[in-house]
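Colleague: I would like the entire structure built from these sequences, with the hints used as guidance.
2 protein chains.
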Amino acid sequence: MHILIIGAAGMVGRKLTTRLLREGAVGGAAIEKLTLVDVVSPEKPETTVAIDSFAVDLSTPGVAETLVEGRPDLIYHLAAIVSAEAELDFDKGYRINLDGTRYLFDAIRLAHQADGYKPRVVFTSSIAVVGAPLPLSIPDDFHLTPLTSYGTQKAMSELLLADYSRRGFFDGIGIRLPTVCIRPGKPNKAASGFFSNILREPLIGEEAILPVPESTRHWHTSPRSAVGYLVHAADLDLAQLGSQRSLSMPGVSATVGEQIEALRRIAGDKAVSLIRREPNEMIMKMVAGWAPGFEAKRAIELGFTAENNFDEIIQVHIEDELGGGLP
Amino acid sequence: MHILIIGAAGMVGRKLTTRLLREGAVGGAAIEKLTLVDVVSPEKPETTVAIDSFAVDLSTPGVAETLVEGRPDLIYHLAAIVSAEAELDFDKGYRINLDGTRYLFDAIRLAHQADGYKPRVVFTSSIAVVGAPLPLSIPDDFHLTPLTSYGTQKAMSELLLADYSRRGFFDGIGIRLPTVCIRPGKPNKAASGFFSNILREPLIGEEAILPVPESTRHWHTSPRSAVGYLVHAADLDLAQLGSQRSLSMPGVSATVGEQIEALRRIAGDKAVSLIRREPNEMIMKMVAGWAPGFEAKRAIELGFTAENNFDEIIQVHIEDELGGGLP
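Protein sequences, first through last, are from chains U and V. Position one of the first sequence corresponds to residue 1 (UniProt numbering), numbered consecutively onward. Position one of the second sequence corresponds to residue 1 (UniProt numbering), numbered consecutively onward.
Keep in mind that the hints are not guaranteed to be accurate.
Given that identical chains are not distinguished, each listed pair holds provided it fits within a single copy or across any two copies.
Unchecked claim - Each computed BS3-like pair below joins lysine-lysine, with the alpha-carbon atoms no more than 27 Å apart:
| hint | residue 1 | residue 2 |
| --- | --- | --- |
| 1 | Lys118 | Lys92 |
| 2 | Lys33 | Lys118 |
| 3 | Lys15 | Lys118 |
| 4 | Lys118 | Lys285 |
| 5 | Lys186 | Lys270 |
Treat the hints as calculated values from the structure; they're not laboratory data.
Modeller: Here is the structure:
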């Protein structure tokens with residue numbers, strides 16, 4: 001089996017690569033080759049599996065054709081401009097998030113029409129395809145109401161994925177990722193970064209800034225579960241999806257206050273005391289439009305899983321990023 | 001006021017032109033100029049209003065820019081490849097229905113960024129943005145579930161319209177047209193054509209073919225009401241729409257049997273006897289995925305109106321197409 005990962009240098013892409021190599025197979029078929037691409041050349045992992053790794057810009061016409069030339073059996077399309085950047089740079093957001101996706105889908109379509117090629121395509125969509133007003137637990141058949149250009153681009157890509165799958169050009173599934181928490185690494189400028197920062201930093205004795213009230217409720221999953229969805233999506237009978245090809249994933253709905261109480265149980269009052277309140281009107285306004293939680297009934301029925309609470313999410317971070325214990 | 005109609009040579013475009021010229025003004029502002037474009041040059045109406053009429057292909061890069069050069073205050077975007085053709089010719093459907101729309105929206109965006117230009121944009125979407133399984137009366141917040149490439153292209157265009165409006169590039173509204181019935185003219189090959197044929201032809205003593213059972217329920221509006229939506233949309237405070245910029249319109253939900261009984265009341269048994277049953281499996285299968293009806297609560301609250309039953313729809317046809325009486 002030959003797997004192509006577009007967006008392999010990102011956090012989820014790197015963890016997915018590691019996980020796939022550890023498992024060695026997808027649905028009983030041994031992984032023989034991995035093609036890893038991103039806007040920067042993804043790091044080559046240590047493995048006996050054949051690895052092709054290089055930098056590409058999917059939004060450049062012609063690039064997608066070269067990616068499907070090797071006829072990968074399974075394609076992960078994780079590449080995207082994040083929400084804040086897509087909002088700031090209108091052209092770039094549409095070029096990467098919409099045109100790039102369409103170039104990929106069309107390259108597969110043309111290959112399908114040429115020789116019957118029909119790969120599995122796993123596309124990472126986002127909970128940003130919906131926007132306020134939202135119920136506390138959003139049902140699977142909630143209408144698409146994006147309130148950002150990023151969410152619009154993901155919703156449009158979901159529609160393309162469904163149409164190309166219906167036409168039989170490929171077998172596609174869209175995974176609406178919850179906010180991934182705790183993101184490893186350093187604090188970044190993403191508006192959603194604080195959800196991770198207020199746990200990750202105090203766990204290693206560093207200060208973190210909380211820009212919203214503790215009552216703010218949002219929808220989370222661990223990096224491990226995010227990768228778990230993608231692996232599960234590779235080996236699922238997609239006929240079960242019918243015409244609705246994009247799924248809200250299971251996750252943990254929690255308030256910031258509940259996140260903090262989980263941190264207190266695991267790392268104590270001293271860790272919690274490192275969280276500094278700095279209310280930020282702009283971030284509060286953005287977050288107010290975000291999803292508090294999803295029912296994710298279809299995904300759960302199809303065997304997708306996530307953590308049950310924030311204690312488990314913090315535990316995953318300690319195991320996967322901190323070597324299993326607090327410093 | 002300068003109005004641009006893209007798709008002005010089509011049935012709805014021609015009737016809209018006539019209606020606008022008859023009214024002479026939109027929201028109190030006199031119509032000073034009409035620019036009428038389509039893939040064939042639209043007929044120039046007899047009027048004292050300045051008319052510019054020419055053939056363009058909106059899907060050719062650069063064309064949209066020339067259309068917004070004259071900075072029309074109000075733009076009707078009615079141009080589209082119909083459902084059956086978009087299904088048969090995948091490339092053409094996406095090129096005209098998606099790329100053409102995006103070229104137009106982007107040309108307006110660039111003009112907005114250049115000089116603050118911000119027209120009203122009225123876009124004709126379609127009930128094909130939803131597909132089975134469907135409730136008998138589809139609520140306004142029903143999720144987008146197109147089952148055709150045409151419906152996918154319209155749903156994607158609705159998302160673009162909402163994002164470009166949210167960004168303030170233009171003030172957009174999407175009108176989800178019901179199936180227009182009775183379409184004037186000759187029977188055509190559209191799968192939905194029989195809904196009109198079985199009324200229009202018997203009304204003038206001609207035979208018509210019915211390919212589906214009488215229990216088939218669908219969602220209709222007259223050409224006069226379809227044009228009425230478009231005129232009403234030109235002069236509505238769109239701030240009322242919030243972020244949901246596309247609206248299902250009011251219409252008449254009726255079975256084919258109810259259509260036939262209305263025909264019998266108006267034109268008698270002899271007209272009804274001209275309907276010949278010729279069951280067509282392919283058409284039956286297509287129609288099974290179509291919408292039986294919409295609640296259209298928001299549109300009704302905003303003042304959009306339609307007929308109340310099929311007797312009224314037939315009466316409109318007699319008045320507007322048959323000079324007010326049966327032959």
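Colleague: Does each hint hold? Answer for all of them.
Modeller: For each hint, the structure was consulted:
no.	hint	result
1	Lys118 <-> Lys92	between (29 Å within a copy, 22 Å between copies)
2	Lys33 <-> Lys118	within (18 Å within a copy, 52 Å between copies)
3	Lys15 <-> Lys118	within (26 Å within a copy, 46 Å between copies)
4	Lys118 <-> Lys285	between (43 Å within a copy, 26 Å between copies)
5	Lys186 <-> Lys270	within (21 Å within a copy, 80 Å between copies)
Hint violations for this structure: none, all hints satisfied.
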